[in-house]
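Asker: Chains A and B, in that order, are what the protein sequence lines are. With my numbering, the residue at position 229 of the first sequence is 229, and numbering never jumps. With my numbering, the residue at position 39 of the second sequence is 39, and numbering never jumps.
Possibly wrong hints are sitting among the right ones.
[Stated by the list, open to error] EDC-like, lysine to aspartate or glutamate: derived pairs with alpha carbons at most 16 Å apart: (1) 758/A <-> 959/A; (2) 1069/A <-> 1084/A; (3) 103/B <-> 627/A; (4) 910/A <-> 635/A; (5) 1007/A <-> 1161/A; (6) 1048/A <-> 1130/A; (7) 852/A <-> 894/A; (8) 772/A <-> 95/B; (9) 772/A <-> 92/B; (10) 1159/A <-> 1084/A; (11) 833/A <-> 627/A; (12) 103/B <-> 1161/A.
[Unchecked claim] To give a feel for the contact side, a few chain B residues facing chain A, derived at Cβ under 10 Å: (13) 29; (14) 33; (15) 71; (16) 92.
[As the list claims (entries may be wrong)] To be clear about the criterion: a stretch of chain B counts as covered by chain A if any three or more of its residues have a C-beta under 8 Å from a C-beta of chain A, and this derived list gives those stretches: (17) 45 to 54; (18) 97 to 105; (19) 108 to 121.
Since the hints were derived computationally from the structure, they do not count as laboratory data. The model shown is predicted, which means the values in this text are computed figures rather than measured ones. Where is the CB? At the ideal position from N, CA and C, for every residue including glycine.
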Amino acid sequence: MQSQMQFPSGYGSHLPNYSAPSGHYSQVPNKAAASHLENQYRASYYPGYYSAPAPNAMAPVGSSVLNAQESHQLYNNAPPHSGGSSDRPVQGAVSSASYLHVSAQQSYSAFDNHYSTSVSSSVASQGFPLNSDHYAMPVVSGAMYPNVSYPPVAAGGVYGQTFTSQSLPAVGQFKETNAFSSQSTSVPHSVQQHVPVGYNTTLSTVSSAQAVQDNLSRNLTGSVPKVNNQIHTGGIDSSQPVHSVSQNVPFSKPGAGTSAASAAMSSVRSPAPSLSSKAPSSPSATQSPELPLQEGMQYGGYVNNQASSAPAPLSSSSDDEEEDEEDEEAALDSSSTTSSASPVLNNYDALEGGGYPETRSVTSSPVPSPSVLQTSKASKPFGYGYPALQPGYQNATPPTPVQPSNPGHHSGFQHYAQQYPGVNQLSSSLGGLSLQHSQQPESLRPVNLTHDRNILPVSSVPAPVPNLNSDLRKLNCSPDSFRCTLTNIPQTQALLNKAKLPLGLLLHPFRDLTQLPVITSSTIVRCRSCRTYINPFVSFIDQRRWKCNLCYRVNDVPEEFMYNPLTRSYGEPHKRPEVQNSTVEFIASSDYMLRPPQPAVYLFVLDVSHNAVEAGYLTILCQSLLENLDKLPGDSRTRIGFITFDSTVQFYNLQEGLSQPQMLIVSDIDDIFLPTPDSLLVNLHESKELIKDLLNALPNMFTNTRETHSALGPALQAAFKLMSPTGGRISVFQTQLPSLGAGLLHSREDPNQRSSTKVVQHLGPATDFYKKLALDCSGQQTAVDLFLLSSQYSDLASLACMSKYSAGCIYYYPSFHRSHNPAQAEKLQKDLKRYLTRKIGFEAVMRIRCTKGLSIHTFHGNFFVRSTDLLSLANVNPDAGFAVQMSIEESLTDTSLVCFQTALLYTSSKGERRIRVHTLCLPVVSSLPDVYAGADVQAVVCLLANMAVDRSVSSSLADARDALVNAVVDSLAAYMSTASNLQQSMLIAPNSLKLFPLYILALLKQKAFRTGTSTRLDDRVYAMCQMKSQPLVHLMKMIHPNLYRIDKLTDESTIHVNDRVVPQPPLQKLSAEKLTREGAFLMDCGSIFYLWIGKNCDNNFIKDVLGYPNYASVPQKMTQLPEVDAPSSERTRSFISWLRDSRPLSPVLQVIKDENPAKTDFFQHLIEDRTEAAFSYYEFLLNIQQQICK
Amino acid sequence: YIPQVYIYICVCVCVCIYIITLSDLECDYINARSCCSKLNKWVVPEVIGHAVVTVLMLISLHWFIFLLNLPVATWNIYRYIMVPSGNMGVFDPTEIHNRGQLKSHMKEAMIKLGFHLLCFFMYLYSCPSWMTLTT
């Protein structure tokens, strides 16, 4: 294809230049050189610009043509977004739109069929969105489109991606924007509007819009009523309908100073870290003021490039890219914006800390600032701002910098078309090259583990950023929801085996999201063969067809999909929100229902035996329920019921009309039945008074009970019978070993074996009763959540089955007692609050699909695998995480990207059937170093933890521990064998895996896997359950807690959240050497905070923060910090509350003094220290080294 | 000695049922729960049938075929006995999709089927000659 391409002579000259720049971005060093590459290159160069943000930025100019190729690939994926995001006030954007029109038409005519495929309609659309003041092209986007006539356009694979990428950025924006808004009002926000037409894309969250934005939005609305959300930047011109094209307008407000700070917060999630690091330079400052100029600059840059030899062009090109981005931002002023790019930008900005303009640049961050300046001086004719268009534009523009010429555009288009086809072919090889070059410096940097003692990052460990071009990267799913252990997927199973790292995904699909595009559409577009939902990474072959990115089938685009409600325009399927967001939610039609959506039904099954009454949990539960009765998720159909049990089972008739609740006792526990099936589960709203009466009475009803037996099994059978007509949630509160009826259990724990170093038995269930029950429940869409509050062994291993296979969740409160153990009581209270009010999805199923060639072979989490890839989740809650292991069945050599998609179909508590879809896209690599470069150590460790849990249950704990150690030994040995220049006497790890041994050691010392330390069986099993069901972020805190020194918090390196100043103390090693008697340390273990006070801690600190005059007077059981009006107290409290806000379950704070019995809990988390039964970190390293040398 | 032939046929049928049901599961025609409850019903008959055949071989002094069958019968019994207490039988619906268990079950059933057919024909082949000798 590429070779066939014809370049207009003028253009042709341009091309080389461009290619050079792209090379820059691509960063691919010198490897290039193939002539054929050049062809691709040319074609791709546009994309190159866009992609520029890619790591390469810094790359030596000298890069040859090859670089360009690589860049192409990158670009191809990325190009659209950068351009599109913002319009320059100067016109650039507008102009681009106009150009697009012309060019598109012309280009099409010019295109061969081959090429045509590459041309994407999206491009045109993007271009259009911009209003061109300069050009005075008053084209209404809608009108323009028709003119353009995309039909010929077929997006090459790459292209499609690019398009999507554009759209994706928009998504990113939304999310990020929310963050922004919350943090700093000053930051401009994107306003999202619903389009009433046809299908509504409703963004769930509306970011707060600044006044300016508001104005803009109004304008927009006026002109385009109910056009979907567009971000209005300071834009004034919004009046033009063009806006429609861009869904989100990026906010480019220079006001960024504050915004940047706030952005920092948001940025945390974004993959940006690497980028930010790379692009420390702050070209933004200069750029922002000169937005109009920048456009000019870009042009100038182009010109220069043309004139100059390759090396020079490279730099310029990069600049151009940045400029383009900036231009787009600037374009905001003009009004309409192609929003896509902007969101990402925001994030980046935040990361970099620069002003808004910088953010744009961030994408292209690598570009050296100086070059930018040069380019800026030149006058730019057109809006580069349009992402999709831009590439074409840019190409075209260079020849005639000042005036956008149609011919130029044409050329650009052609190039595009050509590039795309090429991209697919090249992509794989290119990807590899680019990876090596771009990432080697950081993630592959060898780290000598035995010498480098400070390997912990200053703050939290960031998720690695997949080495994709910036467009795709921006579109990609947030690492919080979706992570892969290897962000560079090895091409073959052989390569994966060589790397000795597990391949798998870690999912947090139902995470609480602040921004989520919700789409209502009568037809949900899916691949006809593999049923994949349309996503940002599909390619549009032409306007009417798209190619599935998982199975490569070519599908038709339904008529309805051609209309974009966001922009009220027709013929731009790539602009639909589905294609612009990697996380979307669909409102499903009745096709997705087997029965009418069920109401929310909650049943509480409560242990009221003597043991339970003694522990006193009923008071806390009833109190929480009373407080949260109105906040239970649900609609007017919500139903609720209660069952209590000791040696008999008691039901409560709460039928409306009764004067008081009626207790019905069933003592025939061998053949349990429901006394009055209709009135046990009652409508929450109709019977609210009765329910309240019951909750008030319940804690005192059994105070004098002498019943010590527990008939849990029969109570569960009754609950199942009660729930099976509707499905819903059963919450079981149990305080002892079930001792009567079906499912009775016997104590299996031998206390003398608690600290055994050899065999730990009874990790598996003792009976299949609970498993069968769970499967029955699962079949009836009922989940069982277990709250185990016991002071004695209760055989959690057996009981947990009821939740594991019914997709419930498990809470365990060892030694629970309301008054004797206030920390646990407080924890229960907080957990209950979250538990009762959090989101819930009913009758859910989840399916995980991946690109052909990959297959999923093992699932981890709480659910039932109903068929090969269908997970049945009776309930899904926002705190549930999942993991899957994958293998590579077929070689991935013919693809450069692989995608994973999870689709979660559930019934919301409001009775809506919804589908939440996440899509993740990752590059494929062919060399071992690349695989290591992309390793995500946290994901690897979490997946290994899951696998180790399975291994300990199915085989033995010792096996699991050995497997964990072997995982480190094998992977490091494999790495060291690839780097032959390393000395074998040292223990070397790639930077990406430097924390691997530490985390594995932490795992080995975790309750679940430790030996030699006294560990109660239930504690161990509970830790294992958590490993299987916690999302990655929480699991990591469990494995490796964060330690901070907080007695000397300063205002340095603080961040601002919601007008609060939050200090950011550095992470400390988990070693006693870091503890000093003069200090106070906070350990964040995820579900609990330990505040350790040294004996000689500053009295001022104790007085201000703890509220006691001196160390001796601090009480043993202290769980709250008083509100003292002192700076140190404020800082401490704001820091702790900031930590708390970052997770759903609010952890309990425990103050630890030296004599405190909880001290051991604290010290056992200092995993780098030696204990009597386990290695210190250094010893562990030596041990690994020894094994490697063997 | 006709009983041995019949029992062999029954055991082969059991194994065939495994294969058919497992491939149904692979193709998503049935869900794991019903698949496993179906399969687990056939485990005991298969184990008993095969054990009986093996013993009958010993009684009828078919040493070679007996020795051939012994390891397989032992494996069957071992597998049946070693099911963890919390599992719902040899085939557990909660685990069959994990760690490639489905594949290994399938492979095992295939091997068994081949083995049984082999033994079956060996026996058929050796039977007439033996019967003619005795009669």
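Asker: If a hint holds in the structure, say so; if it doesn't, say that too.
Answerer: Structure-based check of each hint:
{"no.": "1", "hint": "758/A <-> 959/A", "in the structure": "holds, 11 Å"}
{"no.": "2", "hint": "1069/A <-> 1084/A", "in the structure": "holds, 13 Å"}
{"no.": "3", "hint": "103/B <-> 627/A", "in the structure": "violated, 51 Å"}
{"no.": "4", "hint": "910/A <-> 635/A", "in the structure": "holds, 5 Å"}
{"no.": "5", "hint": "1007/A <-> 1161/A", "in the structure": "holds, 11 Å"}
{"no.": "6", "hint": "1048/A <-> 1130/A", "in the structure": "holds, 12 Å"}
{"no.": "7", "hint": "852/A <-> 894/A", "in the structure": "holds, 11 Å"}
{"no.": "8", "hint": "772/A <-> 95/B", "in the structure": "holds, 13 Å"}
{"no.": "9", "hint": "772/A <-> 92/B", "in the structure": "holds, 10 Å"}
{"no.": "10", "hint": "1159/A <-> 1084/A", "in the structure": "holds, 15 Å"}
{"no.": "11", "hint": "833/A <-> 627/A", "in the structure": "holds, 9 Å"}
{"no.": "12", "hint": "103/B <-> 1161/A", "in the structure": "violated, 44 Å"}
{"no.": "13", "hint": "29", "in the structure": "holds, 9 Å"}
{"no.": "14", "hint": "33", "in the structure": "holds, 6 Å"}
{"no.": "15", "hint": "71", "in the structure": "violated, 23 Å"}
{"no.": "16", "hint": "92", "in the structure": "holds, 8 Å"}
{"no.": "17", "hint": "45 to 54", "in the structure": "violated (count 0)"}
{"no.": "18", "hint": "97 to 105", "in the structure": "holds (count 5)"}
{"no.": "19", "hint": "108 to 121", "in the structure": "violated (count 0)"}
Hints 3, 12, 15, 17, 19, counting from the list given before, are not met by this structure.
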